[in-house]
Amino acid sequence: MARVLLLFGGRSAEHEVSCVSAAAVRDALASAGHQVTVVGIDRAGRWWFPPQGAPELTASGEPVAVRVPDGTVDIGGTTVGFDVVFPVLHGPYGEDGTVQGLFEMCGIPYVGCRVTASALAMDKDLAKQILVAAGIPVTRWRVVRRPDLDDPSRVAADIIDDLGLPVFVKPAALGSSVGITRCESDLEIKDGLLSALAYGDKAVVEEQIDGREIEVAVLDGPRASVPGEIVLRSGWYDYDAKYHDETSRFVAPAPMSKEQTAEVRALAQRSFTALECRGLARVDFFLEEGGRGFILNEVNTMPGFTPISGFPKMWMASGMTYPELCDELVQLALT
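Counting from 1, position 211 in the sequence shown corresponds to residue 518 in the numbering used here; the numbering is continuous, with no gaps.
Read the hints as simulated data drawn from the structure, not as lab findings. For every residue, glycine included, the Cβ atom is placed at its ideal position computed from N, Cα and C. Don't take each hint at face value.
Distance windows between CB atoms, simulated [to be verified]:
(1) 361 with 457: 45 to 53 angstroms
(2) 374 with 423: 22 to 30 angstroms
(3) 626 with 469: 38 to 46 angstroms
All chains, full assembly: derive it from the sequences and hints.
And the structure:
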């Protein structure tokens, strides 16, 4: 069994999701026999050793010093040893290649994609460009940068002319549906761009696709899980629907034909390979039945691990328990 340094929290807008995910991963790793040291990163980037025994994790407690380049952590004057890092960090400064670069510099094994794949998948624009080059169908999109807002009316008009209405405006490098706006007019597009660009220098505007939302979890191999489906009573899969709305459901396996299941799993594996992913990823699709078929939405290199998250649910539906999944990720990182 391994000594695992479990990181959670982080500086991104997805801090809360990371805390919930990490608590579940901590318990699963412990039940699989691993020795787990939990360290929280607060929104200012400071590292903390949280109070032990608490069911919920918060990035507070005793200060932790990180030593570079040897990659050790110091807690209360004691150097804590570990074999592998499990960064349950979502969004910027955790899923985008930044912290992965720190681990690479220190020569530390870690769970998940390396620097290049993490950075590419985090940037929805760059990821789509690579996936298109690999022959994988993606949602149609446009990129808007801060200087473009010097003439917001022209930008909104061009978007409507190209993509129609409604559209979704998103930060280019964020997840968990943070900062996303569904827009049905030019005024809403302008407001949505201002909201999205509050999180970075680039926004992505995507067409709305009227179709089913299908996901596939992928591990090294690449190995694809059975697909899952997000089922909503109404609206779209925003932050509240993902983490707070009990009326939204995630169904795994997704009810599809054998041919559809095989097709979407193969597309997920090809996407994993095209972006040079490692360890794990969740690949999200729309299924436009009677139209274009499967259309890739995005690839997440550190998907949610909360008790209601799709990634673990799909592997559990494929025959793997939650502790077995977490143990598998640790073993993949060590090989």
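Right, here's what the structure says about each hint:
no.	hint	in the structure
1	361 with 457: 45 to 53 angstroms	holds (49 angstroms)
2	374 with 423: 22 to 30 angstroms	holds (26 angstroms)
3	626 with 469: 38 to 46 angstroms	holds (44 angstroms)
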